[in-house]
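These protein sequences, in sequence, are chains A and B.
This note's numbering puts the first residue of the first sequence at 1, with every later residue one more than the last.
This note's numbering puts the first residue of the second sequence at 1, with every later residue one more than the last.
I should point out that these hints are in silico values taken from the structure, not numbers from a laboratory.
Please note: incorrect hints may appear among the correct ones.
Since copy identity is lost for identical chains, a pair holds within one copy or between any two.
Simulated crosslink set (DSSO-like; lysine-lysine; CA at most 30 Å straight-line) [said to hold, decoys possible]:
hint, residue 1, residue 2
1, Lys453, Lys336
2, Lys259, Lys309
3, Lys113, Lys98
4, Lys57, Lys189
5, Lys329, Lys57
6, Lys98, Lys453
7, Lys468, Lys259
8, Lys250, Lys381
9, Lys331, Lys57
10, Lys468, Lys87
11, Lys54, Lys355
12, Lys453, Lys133
Below, each chain spelled out in residue letters.
Protein chains: 2
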Amino acid sequence: MAKVLTPRSENYSQWYNDLVVKADLAENSAVRGCMVIKPYGYAIWERMQAVLDKMFKDTGHQNAYFPLFIPKSFFSKEASHIEGFAKECAVVTHYRLKNAPDGSGVIVDPDAKLEEELIVRPTSETIIWHTYKGWIQSYRDLPILVNQWANVVRWEMRTRLFLRTTEFLWQEGHTAHATAAEAIEETNKMLGVYAEFAENFLALPVIKGAKTANERFAGAEETLCIEAMMQDGKALQAGTSHFLGQNFAKAFDVKFTNKEGKLDLVWATSWGVSTRLMGALVMAHSDDDGLVLPPKLAPIQVVIVPIYKNDEQLNAISEVANRIMADLKQKNISVKYDSRDTHKPGWKFAEYELKGVPVRISIGPRDLENQSVEVARRDTKEKSVIQLTDLSLKIEHLLDHIQANIYEKALNFRESKTVNADTMEDMLRILDTDGGFVRAHWDGTSETEQKIKEETKATIRCIPLNNKPEAGKCIYSGKPSKERVLFARAY
Amino acid sequence: MAKVLTPRSENYSQWYNDLVVKADLAENSAVRGCMVIKPYGYAIWERMQAVLDKMFKDTGHQNAYFPLFIPKSFFSKEASHIEGFAKECAVVTHYRLKNAPDGSGVIVDPDAKLEEELIVRPTSETIIWHTYKGWIQSYRDLPILVNQWANVVRWEMRTRLFLRTTEFLWQEGHTAHATAAEAIEETNKMLGVYAEFAENFLALPVIKGAKTANERFAGAEETLCIEAMMQDGKALQAGTSHFLGQNFAKAFDVKFTNKEGKLDLVWATSWGVSTRLMGALVMAHSDDDGLVLPPKLAPIQVVIVPIYKNDEQLNAISEVANRIMADLKQKNISVKYDSRDTHKPGWKFAEYELKGVPVRISIGPRDLENQSVEVARRDTKEKSVIQLTDLSLKIEHLLDHIQANIYEKALNFRESKTVNADTMEDMLRILDTDGGFVRAHWDGTSETEQKIKEETKATIRCIPLNNKPEAGKCIYSGKPSKERVLFARAY
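The following block holds chain A by itself, in its conformation from the complex:
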């Protein structure tokens, strides 16, 4: 069977684009930079949402919903925030269409111009902190622990499905606290939630770290992040958690009476992950035959394919398949039985490999005789014959093994591609050959960071939170440094 995907070795970027489209995850729409998330892709996103939503609620958060539109003047209230987002805002200026007087079609009605333009939210700090002003008077009203699932729009010039789209789906947590310490604790806690989600569900090992001043969220005092490595050695930022200090409280005049009866500005955090995680999932684990999905997020965990020559055989196989399905469903394992007669088994095998279904069970007449089935795992492509007795228990364990194996593989890959560099030449050579994460000393200045970026196209992904102190000299300036930071080229 002809390969449907460009091999990774030939063109990694094309492989990714092919895979997202061919596996029915998403496609480009008629609107520049906006994607259509297809049912199979959306089913994976729904699983991510369900897990994250539960983690948010288990840590005391509630969902709410704030307006899609933000008055233009709100944006100007926090100086660095507007600086960060002004260049990529979709702007609503009118609220009505009308028929063109010359009958040529429909035009924007010039009489329906808004007094103040509305920005389609690129993120919601401003409208939310305007709202919080009405919710907060006293320390008794704090903390506010709110999350929102929403669509946002950032007018990106170069877009790629899931990784960078004009409209994307995300969640944004926005919390308000009485003290800096409490807000910082929240910032750390939610980074921990993201890391746990990435490692246990996406099977994606991540480095927790702090962004440099250059790379911080517009309006944040500190941005924490989780950074993951893709199979081409490039980094992908998979989630961020911001300590916003009192910046937004200042901008929107949100004060509270503290326990001592004094007025004080409120402390803030915000944190988010987006449909970008879909891109990370694809890029981290999949291969030249298609998706490799971690079982915990796979919409279909097990597929059963019958192999038969006549109706009699199919009926006998279906009877066994139905029993297996019932057993698996009892264990909350999602299973599909594909008995379509419009496609051959080989076509189905390829199709479910492309779709990343973790386990495939095939059943033929000889299997029936032997009271066994053939089980193939998607991650390693290994096949084995398993007796029907205890099959569902074995499948359950196999799914756990696959989840763990995908994570281990990604972790080993990352470890093998994380190296130290002590000279600019070394760093550039590593980035140009193997790629990956380069641990190097840095003098802590934005100027040096910028110079290194210009020379290598690599950025500081983060200053790892668990960093060990190590005296050294900046790879660029030679000035003293106390720790290595993580450089990489990135998505």
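Dock chain B against chain A, hints included.
Quick look at chain B alone, frame taken from chain A:
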């Protein structure tokens, strides 16, 4: 304790606005006509979503996501569709802000004008049918059964929280079929799903019917609806399901090869319910003391309030409360124990009545002695003393009774306010005094419908699906009529 709500008898409309805000469901935002859905309100909406989503999936539908923006030209492709929505479209014309040259702030960058304006979706038929063109070649690609959870924008001039807002949240199903019969079956099926949801979960009796041509969705061949009655006797349309014929397939040139190998246009349906249901829920059941929530949608089903004078008493009560909570949680009953010492029991009682918590349990020292608790139901305000033995089972049954009782009450109310009228004078008198649904003969013409609307402010809510044939004369024109239709003033 002073009443926090305007009584319904005094000003029904003000009562509604008071209640939505005071019960922390939603509030107006800084953006004209857009609301903030607060955590408590959103928690109810999440419960609605979860139930509906399961019902959609159980009937074979999958979720997907389509762009927020629609190119202006797409709207013009279906003539009646653009006619219906052109007057209420938010239009994106620019994609960038910049600093004003005079330093006065931020302005829309005139150099960043879009070649073609983008409409913020008021509904997604056009962008979805443009997409379906790429998905459908043969009858094997059909049916497509897709639903989308999304925000939409319709520039309403007069807005009210939940009932009519510029931005609202909804789901929109969009299905594609090989035959008209199959599409019509889908249209009916989804109306059935909505009716079941309204009656079994919202506890809201509804009339299933067809809209007249005047009231049809812009672009539909037939619009089916469910109509509910509010406590002021006005009607509220709670959901619609449209048979779109081949109109959108024609507009977007979506053809398929049928089983006979011939090219044919695809048949379509669309169907939706929105956060408007939150308004229906409030208006149908609540009273002058606050919300009355059907237990199946209440975020908190049971609240436990301790009544104590000292820590010793509180500790003893808490021990019992914890046991009750564990028992209730085992039965999947959501329960909150409010042992805050910052508020008195009376304040808490009023608060949970305002929030519509279906069952309140209070426990005092004497209850401990008697091994009993006091149980108050929100719907009837009845109180009873119940022994701790089997308490959780009794609460479980009580929640079922409350759910059924709320429905019965609304049904009886509707039945008592549904009457026949045979003259215009009768109809007007009924509408001006009792309000409610008026069953009357109509000659089937749009002209007559329009005249009646002008004279009475009532519209034909629907032609009920289960209507019995009855020969009569049109209440307005005197022309012959075969059945009575349902008139009402409406939200």
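(request) If any of the earlier hints don't hold here, list their numbers in rising order. (result) Checked against the structure, the hints that fail are numbers 1, 7, 8, 10, 12, while the rest are satisfied.
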